[in-house]
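Chain residues, written in single-letter form:
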Amino acid sequence: MTHDPKPVKAPFWTPGTLVMLAFMAAGALTLVFRYTFGLGGVTNLNNHYPWGIWIGLDVASGVALAAGGFTTAFLAHILGRHYYEAVTRPALLTAALGYTFVAIAVFVDIGRSWAIWKPIFYQNHTSALFEVAMCVMTYVTVLWIEFIPVLAERLGSRIPLLAFLDRILDKTMWIFIILGVVLSCMHQSSLGTLLVIAPTKVSPLWYTPMLPLLFLTSAFAVGYPMVIAETTIATSSLRLESEMNVLSPLSRFTILTLGVYMALKLGDLIMRGAYATLLDGSPQSNSFLVEMGLGVVVPWFMLLFGTVRRSRRLLFAAALMIVGGVMLNRFNVFVVSFKAPYATEPYYPAIGEILVTAGAVATIFFLYRLFVTWFPVLSARRQEV
Amino acid sequence: MKVSRRVFLGNLGALGAAAAVPDNARAWESKAPPAPYGCLVDLTRCVGCRKCEQACNEVNKLPEPEMPFDDLTVMDRLRRPDHRSYTVVNRYYTGRLDDRDRLAPTFVKVQCMHCQDPACVSACITGALTKKENGTVHYDVEKCIGCRYCMAACPFEIPAYEYHEPITPRVRKCTFCYERVEQEGKLPGCASICPVEAITFGRRNDLLGQAHARIDNDPAKYVDHVYGENEVGGTSWLYLSGVSFAKVGFHEMPTEPMPKVTETIQSTMFSYLWSPIALFAALGALMGFTSRRSRSKEDDHDA
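Residue numbers (my numbering), protein chains in the order written: chain A, 1 to 385; chain B, 1001 to 1303.
To be clear, the hints were calculated from the coordinates, so they are not data collected in a lab.
The calculated lysine-lysine pairs, modelled on DSS-like cross-linking and capped at a C-alpha distance of 27 angstroms, are:
no., chain 1, residue 1, chain 2, residue 2
1, A, K118, B, K1031
2, B, K1143, B, K1260
3, B, K1143, B, K1031
4, B, K1247, A, K339
5, B, K1260, A, K339
Examples of chain B residues lying across from chain A (beta carbon under 10 angstroms, computed):
no., residue
6, K1031
7, L1078
8, P1081
9, G1127
10, V1141
11, C1147
12, R1148
13, Y1149
14, V1171
15, E1256
16, P1259
17, E1263
18, I1265
19, L1279
20, L1283
21, S1291
Just so it is clear, CB atoms sit at the ideal spot from N, CA and C, and this is done for glycine as well.
Pulled out of the complex, with its shape left as it was, chain A reads as follows (with noise of 0.2 angstroms):
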């Protein structure tokens, strides 16, 4: 199989980029009043809910979506399946462009935007969260250094620092590959190490030590899924071939990624007897039953048919599915589990909070459509019309 990326000879201005360019200018003014008006001024945070969805979504899933990143470079690079070098590109540009995204909401969300240098110098060793921030920040830096190649392809000739770069890399591109990997290793399971230190304050149907486990092996699971729904959503709206040439034996390593966190989870909750409040109606225990139901259950059972991973429609909604029911969990330990008992009220996002979000997203879907339109990134070649 030759894979040869290109960039994609597609219309840039649609009406899908001008609905884009919309979400991003409302959140872009939504940002103007949050550094005029304080945190306060745009969010629905108070002194018992200190982080929302810019933490919950942006932060936390964020960082489990870019697990395609990692996750295609361990099998095409690191274990040699070359056959997989197709979608590694694709993978490492929205890692990059999700990390950017983290970053930046990160940036946003803490109240001394400026003083985000800090824990650089002023360290805590007994911080997840200075872990997460010291990999996420390295992170970041190896990705881009990642994609230094894709860039230098395009603008080598023009940027002699570009190609000076690239041919660096040549021989020492090895060591970023697998820093990448063991970076996101590491700061994938503390992210689930963040909420251990609240156990009086995280639902019993998600609070368990084993929190950091869970989320790495959720983060291995949700890798693929991810690369096959955005390659999907990618070729379908760029009218590229659909690669299901590669997606379909990807999906099969899912199987067993996705039933080992499975494995984990459900035999977490039965040791723990947190199964107890299961079906007691309340708004915790319902999502639980959406995450694990719809978001890990069935598409495990869906991908074990050889007629899903072949079929394009029905493999596209097992990793939907998936990759919704990991964002879901990311949002069900920061913000649905989280009770505060001396609140009054229930912590609901503001339109300010969906609306940045919103942008954020929106940004990313921009210019991963303008980065495969100038670099080149994928390797689907047109569709015959």
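Please build the complex by placing chain B on the supplied structure of chain A, with the hints as guidance.
Structure of chain B alone, referenced to chain A:
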């Protein structure tokens, strides 16, 4: 395809094993200072005069309150400390009757508990929060980035935030009047002013002795529990009550210090960065092996 899957499985197993290998498992140790100061609050003595709130406001130069401190109607609703007030007094009716058979209120002063092993200190990304030798949980705004992890971590929901400051918001909470105690040798503002000696300042160990002596001397007056003695591994602020703590706004807390599990995980996994280094080495070896194999395959092909 078959071979590769076996390799893949094997590697996942290696990853799992790497994650499960415990470090030379040093047991978690409390970092609590040995002889911290503390305050003992005797809820049976408090009359709800709010003098402590006023003293706190003056000592810490906090903004004017919305309602004057001699206005006791603020107690008609339960309050929490916030960025404008580091301590508040709440009033509870628990069904307890006074000597004339009227419902008797119980007043509860709320402020930072200054835990012995504080979750906020362990969680703080930059070490802006520290546990001082004299018992204070101290906040240094110079290091703070405003991540609010301290607030998520605090089991007592004490750290408050200046949500309407766009650029330089601060975390606000009881300071235990650190400078006043440490440099001027005075009592914390609230403890110095209390007209009914509901707040006793002293060494935590002495206060625990006093608290148990009061319970022993008058077992009918007190419930047999010093709140803060064992809660979350111990706090510098201790409470005595005549009514069940659960009825006057205290939540049941684990007796293990909050940071114990996370710090054990973090130090087991990351001391000397052993696990990332081991993982890097393992992946490097694997990558070298697979690339050599694919190269030799190519050679076979060429030949």
